[in-house]
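S.K.: Listed below, chain by chain, are the residues.
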Amino acid sequence: MKIVVAYKWAPNPQDASVGVDGAVDWSRAKPGISEYDPVAIELARRLAEATGGEVIALTAGPKSVDASMARKAALSRGFDRAVIVADDALEGAGTTELAAVLAAAVRHIGDVDVVITGDSSVDVGAKMVPTVLAGQLGWPAVAEVTAVSGSDPAAGLLRVERAITGGTQVLEITGPAVLAASTDAAVPRVPGMRDILAAGKKPVETLEVPALDVPASGTTVTVTATARPDLKARKGQLIDTADPAAAAAELVAALRADGAI
Amino acid sequence: MTALEVSNKAEPDFDVIIVGAGIAGCIAAYQLAQQGRSVLLIERGEAPGSKNLSGGVLYCRGMQEVFPDFLDSAPVERRVTRNYINFLNAESSIGIDYKDTRLADPVNAVTVLRAKLDPWLAGKCEEAGVFLMSGVRVDRVLTENGATGKRVVGVKAGDDELRAHVVVAADGVNSFIAQEVGLRAKQPLNHLATGVKCVVNLPAETIEARFGVTGDEGAAFAVVGDCTEGVGGGGFMYTNTNSISVGVVLRLDDLTAKRKVATDVFDHFLTHPFIAPYLEGGEVIEYGCHMVAEGGLGMLGEIDMDGMVVVGDAAGLTLNTGLTVRGMDLAVASGVAAAVGIGASLERKDFSKAGLAGYRETLFASPEGKDMKTYAKAPAFLEVERMYKDYGELIANVLYGAFNLDTKPREHLAKVAIRAFKKSPVKVRHLISDGIAGVRAL
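If you read the protein sequences in the order shown, they are chains H and A.
Take the first sequence: its letter number 133 is residue 133 in our numbering, and every next letter is one higher.
Take the second sequence: its letter number 258 is residue 258 in our numbering, and every next letter is one higher.
These are computed hints drawn from the structure, not numbers from a lab.
From a predicted model like this one, the values you see are computed outputs, not experimental measurements.
Only pairs whose alpha carbons sit at most 16 Å apart, straight line, appear in this in silico EDC-like list of lysine to aspartate or glutamate: (1) Lys-235(H) x Asp-258(H); (2) Lys-353(A) x Glu-302(A); (3) Lys-201(H) x Asp-13(A); (4) Lys-116(A) x Asp-15(H); (5) Lys-2(H) x Asp-111(H); (6) Lys-30(H) x Glu-286(A); (7) Lys-201(H) x Glu-126(A); (8) Lys-63(H) x Glu-208(H); (9) Lys-30(H) x Glu-46(A); (10) Lys-156(A) x Asp-195(H).
Sequences and hints are given; from them, build the entire structure.
M.R.: Here is the structure:
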């Protein structure tokens, strides 16, 4: 079975800051494997171990996604090889454009049985790439996937579990599909020193966008505005703690009055 | 064949494993890779520089010997052409403003932000062939009992063990590796200081106007006195391209003795009427604390043993002369010296303490190593209480007598000085002893 995991080399919002005007300053944010992608890699690894398949890393972005640190960070997590579309033309590319390039790369790899992605990217979080990618490939997309196994590997059949409201659902998929892992589908392994050393020796194919057959997109989706969520109205009630016993009594009374206890 | 003999014969994974991708670790790694050695550089942070809050003034001549194009290609912030030394009192300040165009040609000191410099250095290492491993915390070093006692043969992280002919401990001021193998004792409190600092964003034009510099010139301020509320140590402020780094360094023993809280002292410094105008309107973009080694030569531990050397802050290589606070240039020198010593030991296939002696010899033959000896008495001198309070007030009182034309007839300055001196807790014997000690120490 040929399993592709599409991951993102994304800036971590932990070090980004939001200015007073609402603009996000990403300049101090350090890049890394996007937060939820290791879960997808772990699902893929388990599927490959059960079916004897190959796990291929796939990413697309500006040249920085092919930096030595970025490669090692990905390949140390249990991939057999990587296909990296590194092209500065993809700097700031939107979800539709990235998904189209990823789809072209999946076709370029050829005979892929399943593409697994993380739930969403840590920097954008649009949850769009898996579905647009599936649309580009003409495959079904399944989100909130909690487990994958090959029910009949020879025929390329997948058995997929996914979380739905109030429970789980088990699906049988007869052909190739794009699966987006739920955020807690698996606990990812932490790469050890030997994994990182081995990562340096794994084959990597680096491509630029012109080397791929990326069809012109009929539809583009552009983010035109973002806004902060409204702050929840809070009572802002302060209790004087000079007298602890009185303060505790006042707190209990206040909580009772609001029906919190 | 015993298990020990088997492992002795096992080919190591690398010639050299370096723990810590700071300045000393990177320089040693780079130079060893340039010698054609296989080098593994392990960094605890997700990327080099990510654990490093600091920056500071880098006296850069040593760095330029390693990277001749350092000033043009490395991410340096500003070239320091103005040094301001300040005695700060609660209501007054006396400064020596030393500005010299000779400091710019050739460039002698630059300000750097380690979050930018360290990734650049690590990138140079990778270009030279070093295998950089980020996000790995080394749990301990592997040791074996050799003919002359315990020797280091590799490192262990998680379930994995990797072996090398030589391990370099470059893991910073709290080096647990050097402590673990007994090369460094737990430091006394007067050898350690806590640094509290922040980085304040301001437009380049504002910084240049406030600090009286132009273009890529920068300023470094060293402050003693009320900035630390009398605690041994000092305050500093220096200019980056678009930000100001400002902080205090407080000797731990004195901080404890005076029952002060480091963050309170820091807040006092930031809001001091002398400091606040420089920072006004800026936005704090980084804030943090770090342990600083202050012991000088007295803190320098054992820096070599069979199979291992210790470099940079991990070796206690920092120097506070009162005028200049140095660490990064000593890290460069120790990285260079380690590469020389290890290179020779690999050549001779002798990884014992004796085989690695070239490191110590090269380090102490370098200008930086000689400075460690020259300034050996500086830490004790700087522990003198009067430095942080009484002298600043004494000078201010003398000057106040001269400048405060309060309608009374002026007296000879000598008289004013003698009166101020009599009121001050500073005694003649202090002046003499501190003077002699200062001349000897600095």
